[in-house]
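*Asks:* Chains as they are written, first to last, in this note's numbering: chain H, 1 to 315; chain L, 1 to 321; chain D, 1 to 327.
Please keep in mind that the hints were generated in silico from the structure rather than gathered at the bench. One or more of the hints may lead you astray.
Unchecked claim - Distance windows between CB atoms, simulated:
{"no.": "1", "chain 1": "H", "residue 1": "Ala193", "chain 2": "L", "residue 2": "Gly154", "range": "25 to 31 Å"}
{"no.": "2", "chain 1": "D", "residue 1": "Leu208", "chain 2": "H", "residue 2": "Leu147", "range": "31 to 37 Å"}
{"no.": "3", "chain 1": "L", "residue 1": "Gly154", "chain 2": "H", "residue 2": "Ala158", "range": "53 to 59 Å"}
Every residue, glycine too, gets a C-beta built ideally from N, C-alpha and C.
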Amino acid sequence: MVAPSALKREPLWRIRLRLWTRSLQKNWALFWESRIGPIGLGIILFFVLLMIAHPILMATVWDPRVYDPVVGFDRDLLGRHPAPPSWAHPLGTDPIGRDVLSQLMWSTRSAFALGVTSALITVIIGTVIGAVCAYFGGIVDTIFMRLADLVMLFPFIALLMVLRSVIHLDLWRLALVMGILSGFGGITIILKAQALTVKVKPYIEAAKVAGGSAFHIIRHHIIPNIMPLAFLYMMFNVTGAVFTEAVLSYFGLLDIRMSWGIMIHTAESAGYLGAFSQYWWLWAPPGAAITLLCFAFYLVGRGLDTVVNPRLRKR
Amino acid sequence: MSLLAVHRLTMHYTTKMGEVHAVDAVSFAIEPGEAIGLVGESGCGKTSIALALLRLLPDNARFLGGEVLFEGVDLTRIPEEKMRKIRGRGISMIFQAAMNSLNPVYRVGDQIIEAIQTHLPIGSKEARRRVAELYELVGLAPELMDRYPHEYSGGMKQRAVIAMALACEPKLIIADEPTTALDVIVQDRILRRIDGVRRRLNMAMMYISHDIAVIAEVSQRIGVMYAGCLVECADTLTIFKRPAHPYTTALMSAFPSIKGEKRKLQALPGEPPNLLRPPSGCRFHPRCPYATETCVRQVPDYQEIEPGHFLACWHPQGRGS
Amino acid sequence: MPALLDLLNVTKLFLLKRQAFSLRGHRFVHAVDGVSFSLEPREIFGLVGESGCGKTTTGKLIVKLYEPTSGRIFLDGQDITQIRRGPALRQFRRSVQMIFQDPYESLNPRFTVFDAVAEPLLIHGVRALSEREARVAEILAQVGLTPPETFLFRFPHELSGGQRQRVAIARAMVIHPKCVVADEPTSMLDVSVRAGVMDLLLGLRQELGVSYLYITHDLAVARYMSDRLAVMYLGKIVELGPTEEVIQSPQHPYTQALLAAVPVPDPTYQRPSPAIKGDVVAPVNPPLQCRFLSRCPRAEEVCRDSPHPPLADLGSGHLVACYLARR
Numbered sequence: 001m002v003a004p005s006a007l008k009r010e011p012l013w014r015i016r017l018r019l020w021t022r023s024l025q026k027n028w029a030l031f032w033e034s035r036i037g038p039i040g041l042g043i044i045l046f047f048v049l050l051m052i053a054h055p056i057l058m059a060t061v062w063d064p065r066v067y068d069p070v071v072g073f074d075r076d077l078l079g080r081h082p083a084p085p086s087w088a089h090p091l092g093t094d095p096i097g098r099d100v101l102s103q104l105m106w107s108t109r110s111a112f113a114l115g116v117t118s119a120l121i122t123v124i125i126g127t128v129i130g131a132v133c134a135y136f137g138g139i140v141d142t143i144f145m146r147l148a149d150l151v152m153l154f155p156f157i158a159l160l161m162v163l164r165s166v167i168h169l170d171l172w173r174l175a176l177v178m179g180i181l182s183g184f185g186g187i188t189i190i191l192k193a194q195a196l197t198v199k200v201k202p203y204i205e206a207a208k209v210a211g212g213s214a215f216h217i218i219r220h221h222i223i224p225n226i227m228p229l230a231f232l233y234m235m236f237n238v239t240g241a242v243f244t245e246a247v248l249s250y251f252g253l254l255d256i257r258m259s260w261g262i263m264i265h266t267a268e269s270a271g272y273l274g275a276f277s278q279y280w281w282l283w284a285p286p287g288a289a290i291t292l293l294c295f296a297f298y299l300v301g302r303g304l305d306t307v308v309n310p311r312l313r314k315r
Numbered sequence: 001m002s003l004l005a006v007h008r009l010t011m012h013y014t015t016k017m018g019e020v021h022a023v024d025a026v027s028f029a030i031e032p033g034e035a036i037g038l039v040g041e042s043g044c045g046k047t048s049i050a051l052a053l054l055r056l057l058p059d060n061a062r063f064l065g066g067e068v069l070f071e072g073v074d075l076t077r078i079p080e081e082k083m084r085k086i087r088g089r090g091i092s093m094i095f096q097a098a099m100n101s102l103n104p105v106y107r108v109g110d111q112i113i114e115a116i117q118t119h120l121p122i123g124s125k126e127a128r129r130r131v132a133e134l135y136e137l138v139g140l141a142p143e144l145m146d147r148y149p150h151e152y153s154g155g156m157k158q159r160a161v162i163a164m165a166l167a168c169e170p171k172l173i174i175a176d177e178p179t180t181a182l183d184v185i186v187q188d189r190i191l192r193r194i195d196g197v198r199r200r201l202n203m204a205m206m207y208i209s210h211d212i213a214v215i216a217e218v219s220q221r222i223g224v225m226y227a228g229c230l231v232e233c234a235d236t237l238t239i240f241k242r243p244a245h246p247y248t249t250a251l252m253s254a255f256p257s258i259k260g261e262k263r264k265l266q267a268l269p270g271e272p273p274n275l276l277r278p279p280s281g282c283r284f285h286p287r288c289p290y291a292t293e294t295c296v297r298q299v300p301d302y303q304e305i306e307p308g309h310f311l312a313c314w315h316p317q318g319r320g321s
Numbered sequence: 001m002p003a004l005l006d007l008l009n010v011t012k013l014f015l016l017k018r019q020a021f022s023l024r025g026h027r028f029v030h031a032v033d034g035v036s037f038s039l040e041p042r043e044i045f046g047l048v049g050e051s052g053c054g055k056t057t058t059g060k061l062i063v064k065l066y067e068p069t070s071g072r073i074f075l076d077g078q079d080i081t082q083i084r085r086g087p088a089l090r091q092f093r094r095s096v097q098m099i100f101q102d103p104y105e106s107l108n109p110r111f112t113v114f115d116a117v118a119e120p121l122l123i124h125g126v127r128a129l130s131e132r133e134a135r136v137a138e139i140l141a142q143v144g145l146t147p148p149e150t151f152l153f154r155f156p157h158e159l160s161g162g163q164r165q166r167v168a169i170a171r172a173m174v175i176h177p178k179c180v181v182a183d184e185p186t187s188m189l190d191v192s193v194r195a196g197v198m199d200l201l202l203g204l205r206q207e208l209g210v211s212y213l214y215i216t217h218d219l220a221v222a223r224y225m226s227d228r229l230a231v232m233y234l235g236k237i238v239e240l241g242p243t244e245e246v247i248q249s250p251q252h253p254y255t256q257a258l259l260a261a262v263p264v265p266d267p268t269y270q271r272p273s274p275a276i277k278g279d280v281v282a283p284v285n286p287p288l289q290c291r292f293l294s295r296c297p298r299a300e301e302v303c304r305d306s307p308h309p310p311l312a313d314l315g316s317g318h319l320v321a322c323y324l325a326r327r
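With the hints as extra help, turn the sequences into a complete structure.
*Replies:* If you want it as structure tokens, here you go:
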């Protein structure tokens, strides 16, 4: 019998941490090699900087009465709003006198909040349901798959319009609704398919023979093995969420105070989108921001693809 | 003149993690109509040699030296068009898990006809007749020509693939583990067929396997490979009765048999080496019970220690050092 | 002394998906059909046959990955087919374990060696981390992975095939089961590594007093490992007896053909052609007569007119299911 003292070494948690950091380094190296991944990450970092810079600017250089994204107003340019870009307002002002750059930067926060929250909810729901459906099969599987079919068939925008008439659809509620609806939709099927490939592996049989309960197997074997794919799809879900919010806001279907979509909506409802190139600072910055952020998350997703799927790596 | 003479063939694979020293200065010869067996474990280089002979190596393979003389012509130096003429016609190959190399959307007979018509200027009717002949040769009912691969069993698919390899009556067939995935009774049938066909058509054969029992039954000469090197080569009887290389002896004692006395198996310590960083000197030295300093420092020469018996070892067994 | 494991007329049928609206009714695959044998304590019982004969299914029935369609299985006298859940099932899982064929796929790639081997301990209530560490280190040393500390936190992809299989063996043995089903444990390993693993299993039988049901298609391996041997064909046991006796004087035509087909690593030995005709059939809705009838070179009237022959004792525990062998 090997005496316990012979195993004098670092505590288990420290070893696990070290192994985890090692695998993180390896995955980072793979991610870096994909080239498009780091580009996406760079763009996201840029937006994060924008987000951080806003409160700093508001506290130092910018006068809150003028530059507040929602209630600011520049008296000096009264009568000339929406004003074209100038030194005072690098991206001009919107039809009701608010600084466009300030709005842009401030809305970054809501975009991130919405996107990440919604995607996180989606992925958690999708992972758990996918794993459970794959493991149990039978009636459990059938119920959730039919539910997923229903969700995917349902006209999303119509649902939101109905919902809006009932509740106040602000950012967090929207994130919840989008998250839940997406969670029960397509991603569940994808993750269930992945979970099925795990379920038929001999190590699952080995865990059953060792006496593992269904909960034990799902929690320790199936879910960890589908999480990389779930994380990957989360990136695409962020893209979807941000874009969806922009569209819904543009149609005025939401009760959010300020976002990139709201900026375009404001311009449209004030009638300035007709003269396209004349008031470009009203639609181009938010449009570009939406496109760029969505694109960035998409690139990160594609970069992660090479980490998750070894076959896509450059040999 | 030998049908195939390989002289110091050396080949590496370039991977992200470094150079895999897959084949190291391998030399051997095959006479017309001779059956030679290449035995070794996974990763020893036997499949790489086969692919090298037919120049079917993947893109990351680097040919580093040596020559392959087929009927006097060096296959490593001829242009690709000439090589294509030789593949299938001069030298043919049955790949590992070949049953998976049948295209599922075409009839099997048509696939063999295609193989024939690529090399021989024969009309479809004549080609069909040939395929029927081949089917009879390998023991398949001729009606199966018009069936699809999914209608064949594993053994039948393997026979069809063998028929395809024989289609243009090559002078040399390379069979890479052709019966590994098959049950033992089907394996027996196919081995007997292959042997019968070989004798009838006076074809030479290079039989590659990790199963020394199968190699013993089908080959007249045996080459033993370890970690990319050919360590011993002799006729079958000599290899079994008077093996000189410690690995050959170890390999033999690692196989249980249903015949003879029930004896204790000799387990070889360690594992086959990683060819990214092969051991220095003789690649077998980490696992060899007779290894000395010389074995660690110097690669042993491949020499003919008696007529027809080649060896690469500093301490041949049964002969004193 | 009662047998450790007793199988009584165990049958496992799988339903073949029939065509909708078919009038032909259900078609079943008779994977295991009326199999009976027993496993003594500290015994190695070999189960051989070609692919599709039902040996793997039998193994899975014993570890309760499948439940039998009919028949009974007794462990230490207790009917385990009645156990469905709860503490009784947990107790069963402590006593019967399995080693799988594929050394890579039977280990979770995200688990370290420690995680994999400690999992059964965790499941069966060994809460103290220090105790788990100690027992894992102990069993790793016993399976030849020394020093254990260097292996504890490696991942499967960092190990060779032989090492992975040793980890799988350690995992099966760590809770000291009474019986282990070994499903072709060496067939996917390199040849020079197989002998080591086989000798390890033999050694563990001595050290830990465990019995094996050793499943393999390789008769030479079965001869080396097992004390008694059963030959399966199309879901039925056709011959059973002490290994040397079955190998040296096989009585069933199928066993004889099987033995005749095994290549022998002796160039001076002229192997006769196995006496068997036809090809393997799938065990779907099999006929009532002897399953081997269509392939038997010696079939006679009695074989065609009678149902599948039962296993008959020829003396000294050598059983054969053949009318002709009994004469």
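*Asks:* If a hint holds in the structure, say so; if it does not, say that too.
*Replies:* We went through each hint and held it up to the structure:
{"no.": "1", "hint": "H:Ala193 <-> L:Gly154: 25 to 31 Å", "verdict": "holds, 28 Å"}
{"no.": "2", "hint": "D:Leu208 <-> H:Leu147: 31 to 37 Å", "verdict": "violated, 50 Å"}
{"no.": "3", "hint": "L:Gly154 <-> H:Ala158: 53 to 59 Å", "verdict": "holds, 55 Å"}
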